[in-house]
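As you go down the protein sequences, you meet chains A and L in turn.
Each residue of the first sequence is one higher than the one before, starting from 1 at the first, in my numbering.
Each residue of the second sequence is one higher than the one before, starting from 1001 at the first, in my numbering.
Just so you know, these hints were derived from the structure itself, not from any lab.
C-beta: ideal position from N, C-alpha, C; glycine also.
One or more of the hints may lead you astray.
[Stated by the list, open to error] Listed next, with one range per pair, are the computed distances between beta-carbon atoms: (1) Tyr1084(L) / Leu22(A): 53 to 63 Å; (2) Glu108(A) / Leu1250(L): 27 to 37 Å; (3) Gly1182(L) / Ala15(A): 26 to 36 Å; (4) Met1(A) / Gln1131(L): 12 to 22 Å; (5) Glu1228(L) / Ala19(A): 40 to 50 Å; (6) Glu108(A) / Val1243(L): 37 to 47 Å; (7) Arg89(A) / Ala1251(L): 39 to 49 Å.
[What the hints assert, rightly or not] Here are some, though not all, of the chain L residues that point toward chain A, as calculated from beta-carbon distances under 10 Å: (8) Gly1038; (9) Leu1041; (10) Gly1055; (11) Phe1171; (12) Val1196.
Now for the letters of each chain:
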Amino acid sequence: MNRLTLDLWVGLFVAIGLASLLFLALKVGNLSSAGIGEAYRLEAKFDNIGGLKVRAPIKSAGVVVGRVTEIRFDPENYVAVVGMQVDGRYKFPRDTFATILTSGLLGEQYVGFEVGGDPEMFKAGDVIKKTQSAVVLEKLISQFMFSKAADGGESGKATDGGEGK
Amino acid sequence: MLDGLTALLRGLGKQVNDRLWRLGFASRFFLMTLFYSGTALRRFFLTIREIYFTGVLSLVIIMVSGLFVGMVLGMQGYDTLQRYGSSEALGVLVALSLVRELGPVVAALLFASRAGSAITAEIGLMKATEQLSAMEMMAVNPIARVVAPRFWAGVISMPILAALFSAMGVFGGYLVGVRLIGVDEGSFWSQMQASVDFGEDIMNGVIKSFVFGVIVSWIAVFEGYDAEPTAEGVSGATTRTVVTSSLAILAADFILTAFMFRGA
Chain A
1 MNRLTLDLWV GLFVAIGLAS LLFLALKVGN LSSAGIGEAY RLEAKFDNIG GLKVRAPIKS
61 AGVVVGRVTE IRFDPENYVA VVGMQVDGRY KFPRDTFATI LTSGLLGEQY VGFEVGGDPE
121 MFKAGDVIKK TQSAVVLEKL ISQFMFSKAA DGGESGKATD GGEGK
Chain L
1001 MLDGLTALLR GLGKQVNDRL WRLGFASRFF LMTLFYSGTA LRRFFLTIRE IYFTGVLSLV
1061 IIMVSGLFVG MVLGMQGYDT LQRYGSSEAL GVLVALSLVR ELGPVVAALL FASRAGSAIT
1121 AEIGLMKATE QLSAMEMMAV NPIARVVAPR FWAGVISMPI LAALFSAMGV FGGYLVGVRL
1181 IGVDEGSFWS QMQASVDFGE DIMNGVIKSF VFGVIVSWIA VFEGYDAEPT AEGVSGATTR
1241 TVVTSSLAIL AADFILTAFM FRGA
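Kindly generate the complete structure, drawing on both the sequences and the hints.
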């Protein structure tokens, strides 16, 4: 086999390899949507982050505007500190409300930004003051059970009292 | 009684010593290959010729196997996922399992049996017919002229083949999942893109396949160079190449996975 044919085949081989890597990167992976060019960092403190993970999305009005980059425990105040990288194209008012939400009934958890009306915007490194923790299903159920039980007890007492009279 | 015990222990010791000696020889041979790689990289045509034989001629087997593995993943994954009502996650399952594990590992296993065995047989036969000695007589270093180009060709081909395997597999999963079964096309791709990370998943797969390429090529050229210069010797060396490199790939995969995906 002469050299030119050989070069052609190997060139084709390498081109196919690069094309499949490109396919993996753009079509399978997130390189096309990872275009958070300039990001700035925000922090938020939550009483309970539930099942929030690093790399979870941050959404405002349902659109991804950033990612969670760090989750750590604050040993002085016993709260969770969530570090976030927010897309530099988007500015949020200083009274923005950060909530931990769940997509779907059993989906992954994400941080939702509900925008307030403050004219001043967050700067890099700011801490979000207004936060709401994740809804823990067990707590919700136990609250419901307790309120049910309390209702049942009161009505029971009422009837008891009625008979006593 | 005592003699029997001594003989037993001596046999055990010989086994261990032989293995260790061979491992040492293989490591020195690896360093020699790297040391004499200058020729293979400077006269790159030598390597290109070997890339043709190891890489280009493996294209068909890699593409067909990738397609079938992806199609099977699509069917099996759908069967399991639809029990939990999350058949849209099929794309994630197919892509992650291919890009992280199956792509590099199965491509490397195929590469070891398709190209590794051929390299060993070729070098072993060169040794048996004393071509390597003839080269040395002509002051041509056989490691630089014969071994290094084949080694580098394997190292270069392996990541390309693994990427191709993963891409074909994803396409196969798409064919079965979306075209045949009817999973929603939009959520198939979008969920895949949302969960597959370029740096974490795809690049780690590429690193894995590069490491497997080094392992397979190293074992193949070493077994060929170390083969007994007889017909049985060459056939035994070819078998050893496939067995050893398959085991080494799986073991290295475990170690690499433990470092890469500890689930931080």
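Hints, verified against the model:
At about 33 Å, the CB distance of Tyr1084(L) to Leu22(A) disagrees with the hint of 53 to 63 Å. At about 32 Å, the CB distance of Glu108(A) to Leu1250(L) agrees with the hint of 27 to 37 Å. In this structure the hint that Gly1182(L) and Ala15(A) lie 26 to 36 Å apart at CB holds, the actual value being about 34 Å. For the hinted restraint 12 to 22 Å between Met1(A) and Gln1131(L), the CB-CB distance of approximately 20 Å keeps it satisfied.
The hint said 40 to 50 Å for the Cβ distance between Glu1228(L) and Ala19(A), and at roughly 43 Å that hint holds. A beta carbon spacing of about 43 Å between Glu108(A) and Val1243(L) agrees with the range 37 to 47 Å that was offered as a hint. The hinted range of 39 to 49 Å is satisfied by Arg89(A) and Ala1251(L), whose Cβ atoms lie roughly 47 Å apart. Taking 10 Å as the C-beta contact cut-off toward chain A, the hint placing Gly1038(L) at the interface is violated, the least distance being around 20 Å.
With its C-beta approaching chain A no nearer than about 15 Å, Leu1041(L) sits outside the 10 Å limit, and its interface hint is violated. Given the 10 Å rule on beta carbons, the hint for Gly1055(L) holds: about 5 Å separates it from the nearest Cβ of chain A. Hint on Phe1171(L) holds. Least Cβ distance to chain A is approximately 8 Å, under the 10 Å limit. A distance limit of 10 Å between C-beta atoms decides the matter here; for Val1196(L) the minimum to chain A is near 5 Å, and the interface restraint holds.
The earlier numbered hints that this structure contradicts are 1, 8, 9.
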